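A.B. asks: Here is what each chain is made of, one letter per residue.
Protein chains: 2
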Amino acid sequence: MTLTGQSLIAGQWQGRAEQGEFQAFSPAKNQPLSTRYFNVTSTQLNTAVDAADNAFIEYRKTSFSQRADFLECIAEQILALGDDLLTQTAQETNLPMARLQGERMRTVNQLKAFASALRENPDSPLGLKLIDEADSNRSPLPKPRTELNYLPLGPVAVFGASNFPYAFSTLGGDTAAALAAGCPVVVKNHTAHPGTGELMARAALAAIKECDMPLGVFSMLQSDVYDISHQLVAAPAIKAVGFTGSFNVARLLQETIAKRSEPIPFYGELGSINPQIVLPKKAQNEGKAMAEALCQSMLMGNGQFCTSPGLWLVPTGCDELEAEVANCISAAASDTLLTPGIVKTFKKQVSQRSELENVELIAKGALTEDFHGNAHVFACNVDTYLATPALREEVFGPAALLVRYESMEQLSLLVAALEGQLTASVHDSADDLAKAEHVIEELKYKVGRLIHNQMPTGVEVCGSMNHGGPFPSSTDVRSTSVGLNAMLRFLRPICYQS
Amino acid sequence: MTLTGQSLIAGQWQGRAEQGEFQAFSPAKNQPLSTRYFNVTSTQLNTAVDAADNAFIEYRKTSFSQRADFLECIAEQILALGDDLLTQTAQETNLPMARLQGERMRTVNQLKAFASALRENPDSPLGLKLIDEADSNRSPLPKPRTELNYLPLGPVAVFGASNFPYAFSTLGGDTAAALAAGCPVVVKNHTAHPGTGELMARAALAAIKECDMPLGVFSMLQSDVYDISHQLVAAPAIKAVGFTGSFNVARLLQETIAKRSEPIPFYGELGSINPQIVLPKKAQNEGKAMAEALCQSMLMGNGQFCTSPGLWLVPTGCDELEAEVANCISAAASDTLLTPGIVKTFKKQVSQRSELENVELIAKGALTEDFHGNAHVFACNVDTYLATPALREEVFGPAALLVRYESMEQLSLLVAALEGQLTASVHDSADDLAKAEHVIEELKYKVGRLIHNQMPTGVEVCGSMNHGGPFPSSTDVRSTSVGLNAMLRFLRPICYQS
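These protein sequence lines are chains C and U, in that order. Residue numbering for the first sequence is 9 to 506, as defined by this note's numbering. Residue numbering for the second sequence is 9 to 506, as defined by this note's numbering.
None of these hints come from the bench; they were simulated from the model. Treat the numbers as computed from the prediction; the structure is a model and nothing was measured. Hints may be right or wrong, so weigh each one.
Straight-line Cα separation of at most 25 Å, DSS-like style, residue types lysine-lysine; simulated pairs [claimed, not checked]:
| # | chain 1 | residue 1 | chain 2 | residue 2 |
| --- | --- | --- | --- | --- |
| 1 | C | 120 | U | 137 |
| 2 | C | 443 | U | 69 |
| 3 | U | 120 | C | 137 |
| 4 | U | 37 | U | 356 |
| 5 | C | 137 | U | 454 |
| 6 | U | 151 | C | 120 |
| 7 | U | 372 | U | 352 |
| 8 | C | 120 | C | 137 |
| 9 | U | 296 | U | 443 |
| 10 | U | 452 | C | 69 |
| 11 | C | 296 | C | 372 |
| 12 | C | 137 | U | 137 |
| 13 | C | 289 | C | 452 |
| 14 | U | 356 | U | 372 |
| 15 | C | 69 | U | 454 |
| 16 | C | 454 | U | 267 |
| 17 | U | 137 | C | 454 |
| 18 | C | 452 | U | 69 |
| 19 | C | 37 | C | 372 |
| 20 | U | 137 | C | 452 |
| 21 | C | 454 | C | 289 |
| 22 | C | 267 | U | 454 |
| 23 | U | 69 | C | 454 |
| 24 | U | 372 | U | 37 |
| 25 | C | 137 | U | 452 |
| 26 | U | 443 | C | 69 |
| 27 | C | 443 | C | 289 |
| 28 | U | 217 | U | 69 |
| 29 | U | 120 | C | 151 |
| 30 | C | 352 | C | 37 |
| 31 | U | 267 | C | 267 |
| 32 | C | 69 | C | 217 |
| 33 | C | 151 | U | 452 |
| 34 | C | 454 | C | 443 |
Model the full structure from these sequences, guided by the hints.
C.D. replies: Given below as structure tokens:
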């Protein structure tokens, strides 16, 4: 398929070379890809936002079954892009084909899950409607009938992530949840996979036409100009923002949002080091298996999952476990990371970590190409961890830090000092867990998902999932970006009286 | 009862004259009351916040039944204050005794309603727990068991309102909801009723001791120094803010909150002009009764309800309705308002409104005392309303604006131009409603509660209530400050996996 490099502005493909342009990058070849993408103009952005605002008036009135048809049609149109989509994304991200196939399926299933939820409860989102009947005999005053239901917030701005080019991007979870809720969407496409974004926008447009939806219900903006993102979140018609990305970008967007006259929710999913607590008996009895599981989970997607385990809390003196970590990590093949920027930051962070006092390198993998990221596992003790703020930073890529604890008291201190996380796991064996009750109680208040004896990578899409967590892992701990409840982020209550 | 003028800092009454002091004011006598209240110091505030943070560790572990006991005990202790409470509040607010008795009952019932909700669902707030069972046979990967539940956010700062000294103040809805959720509370007491706040804090302390709760679970700060409020919302340990008050104060607090490194929810309930749409046949057939109902509702509490109907949309040429409005308003006795500041602002706004071009005064009540507020109803046509931004402002006190519309198209235009409101009512008769479908669809997106043939004053405390609304009526349209769902504002999801 030939790419145009244009943005989709309410049904119109727009963009020309005079607007400025950028190229995508092949991480595998370490060179730019040939297609040029045109930076959306302020006027085009405003057209998209105005169209979303107008489309809202029609779209919010659609029945849940019409919305379900629309979401399912988007899913079909994604599949109809066929291998062209996978090939394009593989070029832009270097993610392996099997992973992309899996992520595509997950993205399609996500759209279908929202569609099913809409069909199951055709008169209120997730069946949340609540009625208190009237009571004309109540004294001193009769009681009116009140019915609680939910309305969509309005147009939503979505910022996709580089590390999940389908599931957390153009037609990913945020877009699916917003459309299910009844909100039009304006996506600022990620510059790391603009071609993927263009193909996804084609799928959306085909579904809009097939389902006779208003054209303004979905727009997709291409740009590598920073200001455009700020202009989007500042637009008065935008009523919520979904974002997956880095802490620093989120912080700047949040500052722009704080300057709006109307406050709006900002749902930023930022990242996390996902602590893995290995309790003493588990480490002793199953040290080798534990080491393999930790390394395998951390190396998934070359360490570029938001749930990648970056902090391993292991008792002092677990030689077998540490030896196996060294084996696995030394044997790990290096690979490219998603973007040159990520490679650069990864190398810088790893090099800084190598120079920290009292921090040792347990093992690293070979570096096949200079533009790759290679696996690193560092180690230190609890005192060093607590005294070294730099060790709390997320290293995005194939790196982890093993912290050796001497006692449950030390483990407790460390957990109390943790910042907010998307997830944490506790790995136990025999009667370990009872002794860690105190630690686990504290850990609950640090995470969005608490896992027992499993790795954090792999996030189920289901009603009881929570993907979010205390700041700084997300900007709004009250919400999830995965699972059906993600829809609630774009809804608000209304009471109908009498 | 003798008042100390002190703040309750985690179980200790603190405050001395050297800290600076302020007095409450008797609106009825138009002179200060004698008791002196000591401005809380920064150190005392920090002690209260630190104690709340420490108390959270214990309080969050209390069972729902323990929390229910505590809430019910607070309710009993409020009633145990007896007439002393009512007398004190009457002095400070000039609200009539019957109203204060009713509001006290409502406040007590609110605490009991949260207690009942906790007892009904002892293992998850409002029974929201959700479980997806494991499926070890699922391919390609087995499905883990996931359970969604809810945790309290942490210490909550509460700012009470002047107009509801019980129900939206020291031990009002925000405090009750936060304590029910498992969050300690630090209340900045309203300076308009500091003695009421001190008595309420005594009730809270008695309940804390009786139920053996940590002392830091509730503190109450007295101060008329502006900075103290900002220091409170900026404190890192504070994890949410509940506020009922004016737009301007809310805006400034929100700016302070935006500068925090950790974003936290700010639930501000600000005010509203609560449009009343009288459809043509209703106005023709029942003009007199409609006029009486509008005037009576607007005059409740001398126009100082947040749901007071301040905007009446009435067809042109409804002479009978307008004549009856003039009768009712001319006959309305003047009374004081809650504070000298409110009186001053009311007089200024009414005088400005009198001078606006194309705005006429339909009627006003006699002014018995210079420090009273007297009833005013102004009128204009739709064009004037749309062209005059000053007419959209809330006038807090006994004033309303009647806007005459000539057609359903004009009514539509006006509704489209409305800002966000807590409530709106549509009053119809015969087949009016069918013709207004378009207007009502638009109106839904402007309000938190949409009412049919009833007045907006009087907010039911029940599960299906929503008291909130699009900005600027509240700062967070996703939440309610009345009803059981108010608890959700202070909770966040967590997923337990396996």
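A.B. asks: Hint by hint, work out which the structure violates, then give me just those numbers in ascending order.
C.D. replies: none
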